[in-house]
Each structure stands twice: as C-alpha cells, then as structure tokens.
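Trainee: Given chain A, put chains B and C in place with the hints provided.
Sequence lines, in order, name chains A, B and C.
First residue of the first sequence? That's -1 in my numbering, and the numbers climb one at a time after it.
First residue of the second sequence? That's 25 in my numbering, and the numbers climb one at a time after it.
First residue of the third sequence? That's 16 in my numbering, and the numbers climb one at a time after it.
Think of the hints as simulated: they come from the structure by calculation, not from any bench.
Here the structure is a predicted model, which means the values were calculated and not measured.
Glycine included, every Cβ here is placed at the ideal spot set by N, Cα and C.
Each hint should be verified, as a subset may be incorrect.
[What the hints assert, rightly or not] Here are the simulated BS3-like cross-link-like pairs (lysine-lysine), alpha carbons at most 27 Å apart as the crow flies: (1) A:LYS105 to A:LYS129; (2) A:LYS223 to A:LYS294; (3) A:LYS207 to B:LYS319; (4) A:LYS6 to A:LYS207; (5) C:LYS145 to B:LYS319; (6) A:LYS207 to B:LYS323.
[Claimed, not checked] What follows is a set of in silico ranges between Cβ atoms, one per label pair, in the way DEER data are often shown: (7) C:TYR51 to B:PHE78: 52 to 62 Å; (8) C:ILE242 to B:PHE78: 45 to 55 Å; (9) B:ALA327 to A:GLY311: 30 to 40 Å; (10) A:MET104 to C:ILE242: 28 to 38 Å; (11) C:GLY224 to A:GLU118: 27 to 37 Å.
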Amino acid sequence: MEHSVSIKDLSLNFGHVRVLEHLNLDIDQGEFLVLLGPSGCGKSTLLNCVAGLLDVTGGQIFIDGKNVTWEEPKDRGIGMVFQSYALYPQMSVERNLSFGLRVAGMKKDEIDRRVARASEILQIEPLLQRKPVELSGGQRQRVAIGRALVRDVDVFLFDEPLSNLDAKLRSELRVEIKRLHLRLKNTMIYVTHDQIEAMTLADRIAIMKGGVIQQLDVPSVIYNKPVNLFVAGFIGSPSMNFLHGEFTGGASPKFVSQGVNWDLKGYETLPSTGADKRQATIGIRPEHIAINDEAKSMPVTIDVEIEVVEPMGSDTLGWVRIGGESVTFRVASEIDLQVGQKLTLGFDPARASVFDGNTGERL
Amino acid sequence: MAQRRWRLSSLQAIIGTIPLIGVSVGVFVICIIFSILWSFTSSKLFPNFDWVGFENYDRLWQTSRWIVSVQNIWLFGVLSIVGNMVFGYVLAVFMDQRIRMEDTFRSIFLYPFAMSLVVTGLVWQWMMDPNLGVQAAMQNLGLEWFRFAPLTDANTAIYGVIVAGIWQGTGVTMAILLAGLRGVDQEIWKAAKVDGIPNWRTYLFIALPMMRGAIATAFVLQCVGVVRVYDLIIALTQGGPGIATQMPAVFVIQHITNRQNVGMGMAAAAMMLAPIIVLIAIRALVMWRAAAQEKRAAKLAIAAEERERLEAAGIAAPVAAE
Amino acid sequence: MTDQAISSPAAGMATDVAGPAGPKPKRLTASRVGVYAFLIIAALFFLIPLWVMIVTSLKTLPEIRLGNLFNWPSDLTFDPWIKAWTTACTGRDCDGISPGFWNSVKITVPSVILSVFLAALNGYALSFWKYRGSELFFGLLMFGAFVPYQVVIYPLIIAFREIGIFATLPGIIILHSIFGMPILTLLFRNFFGSLPGELFRAARVDGAGFWQIFVMIMLPMSVPITIVAIILQVTGIWNDFLFGVVFAGRPNMPMTVQLNNIVTTTTGIREYNVNMAATILTALVPLAVYFISGKWFVRGIAAGAVKG
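Next up, chain A with everything else stripped away, as it sits in the complex (with noise of 0.2 Å):
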C-alpha cells in the first residue's frame, strides 16, 4: 500500500547545528500520527519541513507518492493548523477560510461551496462575518481548523495547535479533532508536548528526542513496553519509579538493590539480552503497584512506610522509599492513607520495564 506522507533518510542542518539526523518515518493513509517530545527535540521542526516551510539539508519527503522535497507549501496537498492559530487580523473570518482559495484564483461558487462545507463541519457558521479579535480562543483555533479543511486536502499538520488554550478548552477541542478525524479518515500529523493529547488522539505515537525518533508505535505500547528509560520517563503522570541496581538476565531474571532482592520471574526479556549480570534500572508505573491484600497476591512484595502522602481528588498518591530510592505508588481515593503508616506493595514483573544501565536501552 502507498504510503500517505514517508520520509526518507531526512537531515536538517541549522549552521553547525544538527536539529534531524537522518530521520526517516511511513505514514498510512489515513492514520493520525502524534509527534511527541519535549521542546527542542525537533518535532515541529520536522513539520515544517514535511509543510515545505524549511528547506531540508539531506533527505527526501513524499506526499501521496510525490516527491515534494522541492515543492512550495501550497503544492504539497498540506493543510495546516498554528499554535497561535495564526489568523490574518485584519480579515472576517469568511475571509481567513477563503484567503489561500482566493491567491489560488479559484472560482468564487467553488470558494463559497468549501467555506460553506467547512464552517458546517466546525459549527462556526455563525462567526463567519467576525473579526479574529472577536472570537475566543477556541473559536480562533476552529477557523484556523478551517482554513486547512477548506483547502481540500490530503494530510492535515497541527503544529501544537492546543497548546495556547486553557485545560478545559483544551479536552473540548481534542474530542472534536478526534471527531474531525473519524469524519475526514484524513492523515493527520500533529505536533504536541502533551502526552495526554498523544496518548488520546494518536494511532501512532513518534517520540522524538534530539531529533531522533526514539520510539514508534501504537500508545499503550510506548506506555507499557518503553524501548528506554527516556521514553519510559517522558510517558506517564505521575512518572515511571525507578531504581537502580543489578540485574542478571536469563531463564529466571532477577534485580538485586540495596534492601531489595527481586525474582523478576515472568519478565519478558528482550531475546537480545544476555544472562550475565549488570548495572540497570527498574522502571515501575505507581499505578502498576498494589498495596496491602491486593499485594500479596503478587509475584513481589516489599513492605513499606508512607513518608508523604499526596491527596489528587480522583486518586491519591503515596510516597515511600525503597532503598534510599523515592517511590510513588497511585491507588483509589477511597482507600485512606497516614504519613508513618506501614503497608505492604507489591507488583507483577511482567507489567515493569528493566533498562541497562549504561545504554538505558530496555532490556
């Protein structure tokens, strides 16, 4: 199958700088791809240069099997959505849809027909005589949603286009892109530092650190099954525990620590790693461990005492140490917790990530 947008061997150069390093990434048509990292990792660099906006240093960029590596942005069959949504001041908002239609010298039936359409699509038709300054902010952000979907195209870039929007907007709108993109079955690739957007919106997540994908997959892979210790620190809130120790591999792994002596028995491995023993770290989620009954029914147990305890409303967060090592586990807001109370916690092996601890390559 032709692939929607595929990036081949793409570099990117500013001065001596590298920002992308032979980068290369298939999207499928129709698939709704997140770009996921922290700022500077080259995310939204990457979508200009798929948008035409930077000119690449190596590589090549294919849409819908075109080369486009040379293309102008408007020849690309790219729409494409701002942060700061990025709408003309000065024009009504019928006018910013209609702009890049209108510089196009498409007929004006046709340009009514695709603003009509859009605005449909987003509910903004009441806005249309509006200036930008009148509008709010989730208002803006649909227009500029517009002005992408009146273009007629393809692949659809959002470049962390909820990013200037407050929490509550914020989760609105992401239901409605994921909406939009159930409608459309458009490709879409989005920009975002927002986990929560990436795990929600994506089929697949990119996880982008020094602009090199680190991990490409479905999210509750990148959740559960992180390829290294970036990944598995950057996904998940509150954060991954880790402690750091000695880990032999082989038939029945174990991790050994100060104060801990672990079988890890049913962790999978990766067929990679040998059986000698090594310096590692273990990652596990807070919301993978037990406390108390429920503990002691799995494969490991530790017993603990609650240092800091952290009510969220919906959960509550508990802190221990284990080994010196600070430990957060996540349980039900039910469930009361005292500073100074001593418990028991416990988790399955099989759900927690073993990294080297020289490459912090999963083990």
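Mentor: Chains B and C only, in chain A's frame:
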C-alpha cells in the same frame, strides 16, 4: 547533496530589497570609499584623482579653523550630553513623583524637539541678542548687573550654542529615561520601600543602573545629534564670532561648497568618520564578549536543566557515567 | 460574646482601638511643593522662548526697540505675520515664506510616502525572507544610521549630478528616502519581527507569495508602526535644513532654508517681528504633528533609537 534549488520566492525577496541593497552598498560603502579616496587627492572645485598622499590631512591639522572645530565639538559634545543626561534624568525623576498634569509637563518639555534646529537657533539668537534680548529685558527691570549675551564674545559663544542644544534635546532624554524608570520592575521599588532605603538613593543607585537600555538609547541619540550638528550652528552663529563656534560638520560643507577645496573637505569628513568607526568597533567587541558570555551561561543553564530533568526521571547515574 | 466578635470584627475594632484608622490624610508636604516648584521652573525655561517668539511677532518694531522682551504687545499687530508669509525677502526674491511652505509640502509628502513604503518593504523582507547576505545589507544600513551625513554627501552630489537629478525635486525626494531608510527599516524590522512567524507560515501554506503576503497580510497589520514612521518622517523632513540647502536646488528651497534666508537677508533694518513670525510659521507644521500625535511621537523617537 548540497545542491540548492532555485526558488522563485527568494528571487522575489531579492528583487524587493533592491533599494535596500542599493542604499546600503551604494551609499554607505561606495560613497564612503569615494570620500576617502578623494581625501588623498588635490581635488578643488571638482573631484580629480591626482594623488597627493596625506597632504590634505597634514594641512587640515595645521588649519586653525579645523582645530577650533574639533575643540568645539568635544566641548559641545561633552557639555551638552552631560547637561542633557543630568537635566533629563532629574526631570524624569521629578516627573515620576505621581504629579498632576504629567502629560502637560511632558508636552512642554518635549515640544522643542519637534521643531527644526534652524528654528531653535533663530529663537535663541533673538533671546541672546545683546541689545534687545533677555539681557536688555532684565536690565530694563532694574537688574543692571544681568548679563546674558554669550554669542557676542568668542570665548563664550560656544556656551550659548550648548544652552540652545540642551533646550532642544533635554525633553527627549527625559521622555526616554522616564520610560526606562517606568520599566524598572515594580517589585524593586516595593523592596526598597520595605527596606527603608531613601527615595533619592533608590533612584540613584538602584534604578539608574537598571536602566542601561534607556540610557544607552538616549546617549546614542545625543551622540549622533552632536556629530551631525550643522543647522543649529548655521542659524545661531554661522560659526562665529570669527571662527569661535566652527564645527566639523560646518567645516566640511563649507569646503565642498564655498571654499571649493574638496580634497581638504573630504579629509575632514574622513576624520569625522573615525570616532564613529572606533565606537562601532568598541560596541562590536562588547557585543561579541556579551554574546560569548551569554552562550556560556545558556550552555550551563541547559546542562543544569537537562540534569534536573534526568534526575527527575531517575536516570542521573547513566548520564554521569558517560 | 465571642460569637459576636467573630461575626463583626471590624465594628469591634473601630470602637475599641484608638489611633489611625481609614485612609491616611493627604497633606501638602514641603517635598511636594519642592517637586512642583522645580517642574514649574523647568517648564518656564522651555516655554519662555515660545512666549518670546509669539509676543515679538505681534509687536511693532518701535515697541521691540524698547527692549521689553517678555511683555505682551501694547500695540498688537498682525502685519509681521502677513509680511512674513507674503512679502519678506529671502535673498533676491521678496515673496515671503509661502513659496518655501509649498516647496516643503512638495518635498515632504512624496518623500514620506516613498521612504515609509521602502522601509516597510525592507523590514518585511528582512524579517521573513532572509537570504544569504540580507543580514549583511541590514548591518551596513545600521552602520549608515551612525555615519555623519558629511561623509557621504559629496559623492552623492557627484552621483546625482551624473544622473541629472541634482538640485531637482526628484533628487531631494530620493535623498530623503535614502537617509530615512536606516532608522525606518529598523523600526519596521523590529515590528515585523515581533509578529508571530506562524502568521507568515500560514500565508505560505495558503499559497501567497512575497508580494501577496506583503500587500494583503503585512501592510494592513502595520498601521500603528506606519503612523509612528510617518510622524518621524514628516517632522524630520520638514525640519531638514542641510539636504534642502545642498540638494533641493533654488526653485525648490524648503521652508527652513527660506526662513534662514529671511533672517540673514538684512535690507536696511532687521525686522525682528517678521523674523519671529516666519519662525513660528516654519515650526507650525511639526508642532501640529507633535500636539496631535501626542504619545505616538515619543514612541517614535524611542522606537527609532532602541535597537531590537
């Protein structure tokens, strides 16, 4: 793979900036080069290319008219800039005392700057008229001792020019410094108040050093104005009495017009360029050092941030091992 | 009892505790008087020349000769103003300063339009269409902002003479556009630089090119900065003397040059009242711009001088 493609849009950008290219290269490079070249020739009424080496410069520095010009511009520059800045800052501080009718006062202090230097010169020439000006008016009021006619005496004429210059330019300095004062973080004032620091100390030792940008702006504006001072002299004194208020800018124009000595005029012009070049070189050096320092600071900040983030993720150990 | 105290603590405090309560009374302290005294004296220093200009222009010559510079005219006359406008001698011609006024209009209007348009174009290109070398050209232009005019003026005279525009109206207009370019370009570059770059990118995705983005997106957005630039240029060009005297040519002498000629042309007696009337007339246009534009004027000076 370093092959670059030809984009129509970049071509448009170059076409759009043809006037910019023309002016920046044509005027501020080529014209300056020609000025300097002609300063080494025997050009009189019309330019020629008979090289005479440094003869024009030698003669220039033996010409009393030029030497007086240079002395004048230093005196005028230092006194008018210092006067401007001190008076301007004092005015700004007083304006900052939550006074009534601030806008009215601001308008009064600033309106001279809107007027031509020719107008300024003519008004003050009239004010300083020995027989009918301020001096006469005060003496008519019975103050027989009152003297205010500096332009008639070669020794004091330059101070008359300075007064007119300060009158014209102080308002701007005040406006810029007041904006700078208002830009100082409000919490600094609160902190100083809580600490019981007297107002004048806060203005002098806390606010002033924090307004470097505004001060630099006002200073640069003044410097450019001083070097270019021409209209004021022409209107106020015509360089007189005698050559007492000659300025380099006037000297150059006179030599390329009435005095028909282009070679010497260009030598004087080249001398006018020299301090600007020195200033720009100093500025570049300072900027370069600041940039280097900033780079280092940024690097440290990034490293610290990275470490913090990694520590938060619990992976400080492997990074440290690297 | 305790219940009551909790429910109305303020009422309890006011009756129980003596001493300062409510807003501190405002007193006219010595330092406040000092502040206003200083400001008023300073204001007098700035206002007296204006006052002197006005009263002198309304006096008859005999009254001026009495030497009471500050007095309001006892014998009020508007003849000096009429003479200054219509019949005062500027060198050989005796048509007053009115031809200079119209010359200044003819020079200022096209110069302002051309220089502001070019600067907007420069600022736009330098902000959004950087190409190899564009920063170098900008750097040279900024260098030009500090170069004394005298350093480049003679080669420009020669060049203009070669092209045939020396001492012509187009010549002086081009000259003003050249020397207005550094500051104005900086002004517009800083303004466009402060706009979100995404706006430009959105327009690129919409398929607009260099000129379309400039005319349809950027120019309509730059109204405030254009006003600042126009104020700066109108006052600057109107007040110019040096370029007018060197480049405008005899038939196009601007008002400032003619004013100076009126004052220096002494046919017998010096008519101080006419001189002052002509001076005020010359200052009227920039003063009007200044008082109408108010704070924009200050912003223009500061914006023009602050490097971004």
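Trainee: For every hint, state whether the structure bears it out.
Mentor: Against the structure, the hints:
1. A:LYS105 to A:LYS129: The hint holds at about 24 Å.
2. A:LYS223 to A:LYS294: Distance ~24 Å between LYS223 of chain A and LYS294 of chain A Cα, so the pair holds.
3. A:LYS207 to B:LYS319: With a Cα-Cα distance of about 22 Å, the restraint between LYS207 of chain A and LYS319 of chain B holds, given a limit of 27 Å.
4. A:LYS6 to A:LYS207: holds (18 Å)
5. C:LYS145 to B:LYS319: holds (23 Å)
6. A:LYS207 to B:LYS323: holds (18 Å)
7. C:TYR51 to B:PHE78: 52 to 62 Å: holds (59 Å)
8. C:ILE242 to B:PHE78: 45 to 55 Å: holds (50 Å)
9. B:ALA327 to A:GLY311: 30 to 40 Å: Roughly 37 Å apart at Cβ, these two residues keep to the hinted range, so it holds.
10. A:MET104 to C:ILE242: 28 to 38 Å: Holds - the Cβ-Cβ distance for MET104 of chain A and ILE242 of chain C, about 35 Å, lies within 28 to 38 Å.
11. C:GLY224 to A:GLU118: 27 to 37 Å: holds (31 Å)
The structure meets every hint from the earlier list without exception.
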